[in-house]
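Peer 1: Mind docking chain B on chain A? Use the hints.
Protein chains in written order, with my numbering: chain A, 1 to 401; chain B, 1 to 401.
Check the hints yourself; a few may be wrong.
Covered stretches of chain A (in silico footprint by chain B; criterion: 3 or more residues with CB under 8 Å from a CB of chain B, positions within the stretch not fixed) [as the list claims (entries may be wrong)]: (1) 61-71; (2) 128-137; (3) 257-268; (4) 286-300.
Listed below are the simulated DMTMM-like cross-link pairs for lysine to aspartate or glutamate, each with C-alpha atoms no more than 20 Å apart in a straight line [claimed, not checked]: (5) A:K277 with B:E26; (6) B:K190 with A:D304; (7) B:K190 with A:D242; (8) B:K292 with B:E307; (9) B:K335 with B:D304; (10) B:K101 with B:D373; (11) B:K258 with B:E205; (12) B:K340 with B:E289; (13) A:K292 with A:E255; (14) A:K258 with A:E205; (15) B:K42 with A:E274; (16) B:K258 with B:E289; (17) B:K42 with A:E276; (18) A:K277 with A:E7; (19) A:K42 with B:E274; (20) A:K190 with B:D242; (21) B:K42 with B:E276; (22) B:K277 with A:E26; (23) A:K292 with A:E276; (24) B:K292 with B:E274; (25) A:K190 with B:D304; (26) B:K190 with B:D177; (27) B:K190 with A:E307; (28) B:K190 with A:D308; (29) A:K190 with B:D308; (30) A:K258 with A:E307; (31) A:K190 with A:D177; (32) A:K42 with B:E276; (33) A:K101 with A:E7; (34) A:K340 with A:E276; (35) B:K335 with B:D104; (36) B:K190 with B:E26; (37) A:K190 with B:E307; (38) B:K258 with B:D295; (39) B:K292 with B:D321; (40) B:K340 with B:D373.
Calculated directly from the structure, the hints in this document are not laboratory data. The model shown is predicted, which means the values in this text are computed figures rather than measured ones. Using N, Cα and C, we set each Cβ at its ideal position, and we do this for glycine too.
2 protein chains.
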Amino acid sequence: MPYTAAETGAFVRSFTIAPTGSGQLERLIFAVKDLIDISGQKTGFGNPRWQETHPPAAASAICVEQLLAAGATCIGKTITEELAYSLIGENHFYGTPLNCKAPDRVPGGSSSGSASAVACGIADFALGTDTGGSVRVPASNCGIWGLRPTHGLVSVAGVCTLSPSFDTVGVLAAGVDVLERAALVLLSAKRSQEDQPAAIHFLREAFDVCDPEVAAALQNPLRILQERFGNRVRNTSIREIDQEKEATGLGNWYEIYKVLQRAEAWNSLGSWIEAEKPELGSMIAESIELAKNLDRSLVPSIKDRKEDYYRRMNAFLGPRDLLCIPTVCSPAPLKGTVRKRDQAGKGYYVRVLSLTSIAGAARLPQISMPLGDVGGAPVGLSLLARSNEDAFLLAVARSIF
Amino acid sequence: MPYTAAETGAFVRSFTIAPTGSGQLERLIFAVKDLIDISGQKTGFGNPRWQETHPPAAASAICVEQLLAAGATCIGKTITEELAYSLIGENHFYGTPLNCKAPDRVPGGSSSGSASAVACGIADFALGTDTGGSVRVPASNCGIWGLRPTHGLVSVAGVCTLSPSFDTVGVLAAGVDVLERAALVLLSAKRSQEDQPAAIHFLREAFDVCDPEVAAALQNPLRILQERFGNRVRNTSIREIDQEKEATGLGNWYEIYKVLQRAEAWNSLGSWIEAEKPELGSMIAESIELAKNLDRSLVPSIKDRKEDYYRRMNAFLGPRDLLCIPTVCSPAPLKGTVRKRDQAGKGYYVRVLSLTSIAGAARLPQISMPLGDVGGAPVGLSLLARSNEDAFLLAVARSIF
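Here chain A stands alone, though its shape is the one from the complex (with noise of 0.2 Å):
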C-alpha cells in the first residue's frame, strides 16, 4: 500500500467492523462515506453543525448491512462535502482528500473521501452517494470506477437525504471485477450472462461540450469499442431522444435537475438551516442560497418536463442499448482554484453538470470508467443503460475494458 489512511487524509474516523457473513465480498475492504449511517456513531454530513444537532445512528444503513453480510470488512468514515452539496471536494471543514494520481487536483466531490480511499490503495471498495455525480466526478478526477445505480434500487434507509428524486447510493473501486462484485450485492443482483449490447450510442452534445484534450483523451477507448462492436456503434443526437424543438444542447436536462435538484435540496435541508444557521463552507453557502432564493413557481412543470424525458429517454434505449458519453467536460480543477461555483474556470460547473444530469434525470444507471488522461490527469468515459438494466451494464463494461 504506498499512502496510509493519515495521509491520504480521506477519512473522519478509522475503525474496524468484521463481517457479519461469508460471500462474494470475503477478503475485502471497505469505506464509508460520512452521510452514510454506521450504528452507534454519529452521521456528519461534512460539516460539525449538522453532527453535533444529531444524535447517534440507531442502526446501519441498509446498504453497509449488505456489505457486511457478503463478507467485506469495513475500515472507517470518508470525508463528504458538506452536505453532498459540491462536486469539487475540498470540504471548508475536514480539507481535501488525497487526488494520489494528480496531487495538486481537487478529489471531485461529494464522495470526496471514498474516491480517495480507493485510488490510494486504502479500501478495495468505497460507498458514495450520487445525487447530481457524487460518485461520477470522483471517480473520473481521481482515475478510478464508479458507479451509479438505477434511481431507487439500492435502499437510501440510513443515508442523509439532499434531493430524493435523485439521490442514490454508489459504489467505487479500483477495478471493474471488485465493482461489479460489490454492486452487484447493493443491488442483490446476478452478475449477467449477458453481455453484449444491441447499440451502443455515442452521444454528440455531450462530446461537444467538452475540452478539446478530453474529447481527445478518450479517442483511445471510443475507437476500441467501434472496433469491438463494429456497426452496433452508432452517432447520436439529443434530437433523436428528446424531441422537443429547443432541444439543441445539453441545457433542457441541465435545467431540470437544476430546478428539481434545489427545490427538493431546501425541501430536506431548509428547515434545519433556518433553525440552526451553521457556518457554511462559501461553495456550499452559495449552493444553498441558490436552493434558497429559487422561484419555486418553476418546480412544476419542471417536474413534468423529467418525468416526459425519463418516458422519452426510456422509449430511445431498447433492451441492452447503451449510450456512451464523457464522465466529466475537463480534468479536476486544481486544488484551491474554486472558492465560487464560476471561479473552476469555462462553466466547469454547468457543464459537468449537463453531462451528469443524462442519467440523474432519466433514472438510468451509469458506469464511470478510468480510460482517458489529460497530461496526466484522469478523466473517465461513461456507459449509461436503461433503467434496472445495471447488471447487465457491469456486464458489459467488465467484458470490454
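Peer 2: Relative to the frame of chain A, chain B by itself:
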C-alpha cells in the same frame, strides 16, 4: 356538505392556500396529511413530541406545489397515525377521524384524516402517503377511491420518511374522475388513451385470505369485470408468479415487507426515538419495539428476495396486464377494539399486510375501488398494474366503474 370539518375530527389545522396556477384541478379543494410539509408550518407526523422537536417547514412539499399549480385549493392538514406507523387510524393524541359510512368503525390508517375528509365531503381529494397500505386501507374502509403510485414516480421531498424502499405519496378521492385528475398531476402524466387491459389476473390466494363475507361482497364487481373482458380475465396463483418452492401463500411477500420495513423504519426513526424517548400510543409503541428488536441479520437476504420478487412480478405482468385482489381481508375494525396488533382478531393485521405487500414489495401501482359492502361497512376491490403503468391503470378503472 353533510358534515363540517370539525364534526369529522379529520383535521389538525384548517386554513386556505389559494391556487398558484390554473389547470385540470381548478375549483377542486384538497387536504394534506400532516406528515407532508406546508411552508411555514410545523409538520406534526402524528406525535406531539415530533412537532416540538422539529422546526417549521422551509418550503411546501413538491407534491403540494404541483396541486396548487394545477389550480386546486388547499384547506388544511389532516390527522395521520403517529409516525405513519399503523393501519387502524385511532391516533392516541389527536383522536379518530370519522368514518362517515360506518361511524362505529375506524377509518383506517395511516392516512386516516385524509380519507375521512374526502369520504365526509369536506375535500374533493386529499394527499396521503402509503408505505404498507396507508392510502389503500383507509380508502377501502371509508368507501372511497385511493391510489398508491409506482414507487419513486411521485416526489417525496418534504415528506416525512418511514421506510424509503416502500414510501410513496398517494391520493384519495370520492370518485375516479377526480382521483385520476389529481394523480396525473402528481405523476406528471397525461390521461392514457389506452384503457383496454391485455389480461386481468384474479389472484386466488388473495381472495382466499379474506373473510368469506368480503369475498362474497366483491362477487358483483368481479362479475362485471368478467362480463366486460371475457377471456382476458384469468384466474392465477402465486405459483405462476413467484416460482419459489415454498410459495404457497402470500407469506413470502408479507415477510419481505415486514422485515425490510421494520429495518428501514428503525433506520429512519430510531435515533430520534432513542434520543427523545417520546410518549407513544400503545399500538405505535408496539410497532416501534418490533422495529427496534428486529433481527437485522435477516435484512440482506430479505432485500435480495424483494428484488428477485420485483423482477419476477414485472416479468409475469406483461404490458397492460392487471392483477385483481381485494384491498383488505375484512371490513374496518370496530372503534376502540384494537389496542394491540393481534387484538384486531383473526390475524387482521397480518392478513391486511399480506395483501398490501404485493404492490409494496414489487413497486406496482395499485388502485382501490369502493365496490363492496359488508353489512354497511365498505370494502375495496383493487387493480394493480406493472411498474410505471399508473396512467393506464387509472384509465382502465375509469372506463369500467
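Peer 1: Does each hint hold? Answer for all of them.
Peer 2: Hints versus structure:
Interface restraint, the segment 61-71 of chain A with chain B: holds (6 residues with C-beta to C-beta distance below 8 Å; minimum three). Note: the segment 128-137 of chain A has 0 residues with beta-carbon separation from chain B under 8 Å; the three-residue rule is not met and the coverage is violated. Interface restraint, the segment 257-268 of chain A with chain B: holds (6 residues with C-beta to C-beta distance below 8 Å; minimum three). Using a Cβ-Cβ cut-off of 8 Å, 5 residues of the segment 286-300 of chain A lie near chain B, which meets the minimum of three, so the contact claim holds.
Restraint check: the Cα-Cα separation between K277 (chain A) and E26 (chain B) comes to about 39 Å, which exceeds 20 Å; the hinted pair is violated. Only pairs whose Cα atoms come within 20 Å are accepted, and K190 (chain B) paired with D304 (chain A) is accepted, the gap being roughly 10 Å. Distance restraint check for K190 (chain B) and D242 (chain A): the Cα-Cα separation of roughly 17 Å lies within the 20 Å cut-off, and the hinted pair is therefore satisfied. Distance hint between K292 (chain B) and E307 (chain B) is unfulfilled; the C-alpha atoms sit about 24 Å from each other, more than 20 Å.
For the proposed pair K335 (chain B) and D304 (chain B), the alpha carbon gap of about 38 Å is over 20 Å, so the pair is violated. A threshold of 20 Å between alpha carbons decides the hint, and for K101 (chain B) with D373 (chain B) the separation of about 10 Å falls inside it, so the pair holds. Of the pairs offered as hints, the one joining K258 (chain B) and E205 (chain B) holds, with about 19 Å between alpha carbons and a cut-off of 20 Å not exceeded. This hinted pair checks out: K340 (chain B) and E289 (chain B) have alpha carbons roughly 12 Å apart, not beyond 20 Å.
For the suggested pair K292 (chain A) and E255 (chain A), the alpha carbons sit about 17 Å apart, so the restraint of at most 20 Å is met. Using a Cα cut-off of 20 Å, the hinted pair K258 (chain A) and E205 (chain A) holds, with the two alpha carbons roughly 19 Å apart. Restraint check: the Cα-Cα separation between K42 (chain B) and E274 (chain A) comes to about 13 Å, which is no more than 20 Å; the hinted pair holds. Taken as a hint, the K258 (chain B) and E289 (chain B) pair is honoured in the structure, with Cα atoms around 13 Å apart against an allowance of 20 Å.
With a C-alpha separation of about 16 Å, the suggested pairing of K42 (chain B) with E276 (chain A) holds against the 20 Å cut-off. Under the criterion of a C-alpha separation no larger than 20 Å, the hint pairing K277 (chain A) with E7 (chain A) is inconsistent with the structure, at around 33 Å. For the given pair, K42 (chain A) sits about 13 Å from E274 (chain B) by alpha-carbon distance, which is consistent with the 20 Å threshold. Distance restraint check for K190 (chain A) and D242 (chain B): the Cα-Cα separation of roughly 17 Å lies within the 20 Å cut-off, and the hinted pair is therefore satisfied.
Between the alpha carbons of K42 (chain B) and E276 (chain B) the distance comes to roughly 18 Å, so the proposed pair stays at or under 20 Å and holds. Simply put, K277 (chain B) and E26 (chain A) have alpha-carbon atoms about 39 Å apart, too far for the 20 Å limit, and the pair is violated. Proposed proximity of K292 (chain A) and E276 (chain A) is supported: the alpha carbons are some 15 Å apart, at most 20 Å. Between K292 (chain B) and E274 (chain B), the direct Cα distance comes to roughly 10 Å. Compliance with the 20 Å bound is thereby established for this hinted pair.
Taken as a hint, the K190 (chain A) and D304 (chain B) pair is honoured in the structure, with Cα atoms around 10 Å apart against an allowance of 20 Å. A distance of roughly 14 Å separates the Cα atoms of K190 (chain B) and D177 (chain B); the hinted pair therefore holds under the 20 Å criterion. Distance restraint check for K190 (chain B) and E307 (chain A): the Cα-Cα separation of roughly 11 Å lies within the 20 Å cut-off, and the hinted pair is therefore satisfied. Of the pairs offered as hints, the one joining K190 (chain B) and D308 (chain A) holds, with about 10 Å between alpha carbons and a cut-off of 20 Å not exceeded.
Among the hinted pairs, K190 (chain A) with D308 (chain B) is consistent with the structure: their alpha-carbon atoms are about 10 Å apart, no more than 20 Å. Using a Cα cut-off of 20 Å, the hinted pair K258 (chain A) and E307 (chain A) holds, with the two alpha carbons roughly 15 Å apart. Distance check on the hinted pair: K190 (chain A) and D177 (chain A) sit about 14 Å apart at the alpha-carbon level, within 20 Å; holds. The straight-line distance between the Cα atoms of K42 (chain A) and E276 (chain B) is roughly 16 Å, inside the 20 Å bound, and the hint therefore holds.
Annotation: proposed proximity of K101 (chain A) to E7 (chain A) holds, straight-line Cα distance about 14 Å (limit 20 Å). A C-alpha spacing of about 23 Å is found between K340 (chain A) and E276 (chain A), which places the hinted pair above 20 Å, so the restraint is violated. A threshold of 20 Å between alpha carbons decides the hint, and for K335 (chain B) with D104 (chain B) the separation of about 6 Å falls inside it, so the pair holds. Note on K190 (chain B) and E26 (chain B): the hinted pairing holds, with a Cα-Cα distance of about 17 Å set against a maximum of 20 Å.
Distance restraint check for K190 (chain A) and E307 (chain B): the Cα-Cα separation of roughly 11 Å lies within the 20 Å cut-off, and the hinted pair is therefore satisfied. Distance restraint check for K258 (chain B) and D295 (chain B): the Cα-Cα separation of roughly 12 Å lies within the 20 Å cut-off, and the hinted pair is therefore satisfied. Restraint check for K292 (chain B) and D321 (chain B): not satisfied, since their Cα atoms lie roughly 39 Å apart, outside the 20 Å limit. Distance restraint check for K340 (chain B) and D373 (chain B): the Cα-Cα separation of roughly 26 Å exceeds the 20 Å cut-off, and the hinted pair is therefore not satisfied.
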